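Engineer: The sequence shown begins at 1 in the working numbering and counts up by one.
Hints are supplied without guarantee of correctness; some may be wrong.
Per label pair, the in silico range of CB-to-CB distance [as the list claims (entries may be wrong)]:
| id | residue 1 | residue 2 | range |
| --- | --- | --- | --- |
| 1 | 144 | 28 | 41 to 49 Å |
| 2 | 167 | 146 | 24 to 32 Å |
| 3 | 15 | 146 | 31 to 39 Å |
| 4 | 142 | 162 | 28 to 36 Å |
| 5 | 55 | 141 | 22 to 30 Å |
| 6 | 46 | 86 | 48 to 56 Å |
| 7 | 110 | 46 | 40 to 48 Å |
| 8 | 119 | 170 | 31 to 39 Å |
| 9 | 154 | 45 | 37 to 45 Å |
I should point out that these hints are in silico values taken from the structure, not numbers from a laboratory.
What you are looking at is a predicted structure, and each value in this text was computed from that prediction instead of being measured.
No residue lacks a Cβ here, since even glycine has one placed at the ideal position from N, Cα and C.
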Amino acid sequence: MSQASGTYHHGDLRAACLRAARELLEEDGSSGLSLRAVARRAGVSATAPYRHYADRDALVSAVAAEGYRELAGHLAAAHPSPTTPDELAAVADAYVRFALGHPALFRVMFAEPCDPTSEERVRATAVISEYVRDIVRNAFPGTDPDALSTTVWALVHGLAFLHLDGKLDTSSPQVVTAQVRAAVHALFAVAAAPPRPAG
Numbered sequence: 001m002s003q004a005s006g007t008y009h010h011g012d013l014r015a016a017c018l019r020a021a022r023e024l025l026e027e028d029g030s031s032g033l034s035l036r037a038v039a040r041r042a043g044v045s046a047t048a049p050y051r052h053y054a055d056r057d058a059l060v061s062a063v064a065a066e067g068y069r070e071l072a073g074h075l076a077a078a079h080p081s082p083t084t085p086d087e088l089a090a091v092a093d094a095y096v097r098f099a100l101g102h103p104a105l106f107r108v109m110f111a112e113p114c115d116p117t118s119e120e121r122v123r124a125t126a127v128i129s130e131y132v133r134d135i136v137r138n139a140f141p142g143t144d145p146d147a148l149s150t151t152v153w154a155l156v157h158g159l160a161f162l163h164l165d166g167k168l169d170t171s172s173p174q175v176v177t178a179q180v181r182a183a184v185h186a187l188f189a190v191a192a193a194p195p196r197p198a199g
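With the hints as extra help, turn the sequences into a complete structure.
Structural biologist: Here it is, written out as structure tokens:
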């Protein structure tokens with residue numbers, strides 16, 4: 001197949017399919033994502049994507065894995081090992097900004113059914129999970145890292161979807177950052193507060 005007939009060239013089919021899938025997601029959301037549509041966008045035969053993806057779920061898993069890797073990079077760039085409220089707030093802000101900057105991809109990562117046997121997706125997700133656990137170990141010493149990492153991720157992930165769904169103000173980046181920072185500082189305040197006596 002020549003370059004003029006599409007974006008695919010020999011040896012680059014998988015990358016071309018992923019690129020086409022990302023473009024379709026941004027244009028039409030997940031409803032427009034299918035192997036046939038990806039083949040059309042990539043300029044390859046209708047059966048070509050099946051060389052790498054057994055079905056739509058496998059394609060979605062590959063797209064999601066790519067998204068997880070990009071998200072992990074954004075979080076590490078915000079701060080590789082946050083320990084203070086301000087540092088954790090910067091990471092949380094990066095998480096929410098990634099969601100707002102890539103809404104269709106973010107929804108596919110967390111709301112679309114994926115191939116549960118995809119090792120690539122499992123590995124990519126594990127990187128973020130371990131990053132969050134490391135945050136908890138460093139920022140909240142003496143706590144249960146598994147339980148509290150779930151709490152931290154739930155808070156930040158909830159903020160991302162509340163902003164995506166229009167439940168929180170997204171009128172400016174400054175407003176979003178202020179809301180995220182307030183939530184993170186509130187979490188630190190609760191975690192640092194002495195336990196109330198029973199009774």
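Engineer: If a hint holds in the structure, say so; if it does not, say that too.
Structural biologist: Results of checking the hints against the structure:
no.	hint	verdict
1	144 to 28: 41 to 49 Å	42 Å, holds
2	167 to 146: 24 to 32 Å	28 Å, holds
3	15 to 146: 31 to 39 Å	36 Å, holds
4	142 to 162: 28 to 36 Å	30 Å, holds
5	55 to 141: 22 to 30 Å	45 Å, violated
6	46 to 86: 48 to 56 Å	52 Å, holds
7	110 to 46: 40 to 48 Å	29 Å, violated
8	119 to 170: 31 to 39 Å	35 Å, holds
9	154 to 45: 37 to 45 Å	44 Å, holds
Going through the hint list in order, the structure does not satisfy hints 5 and 7.
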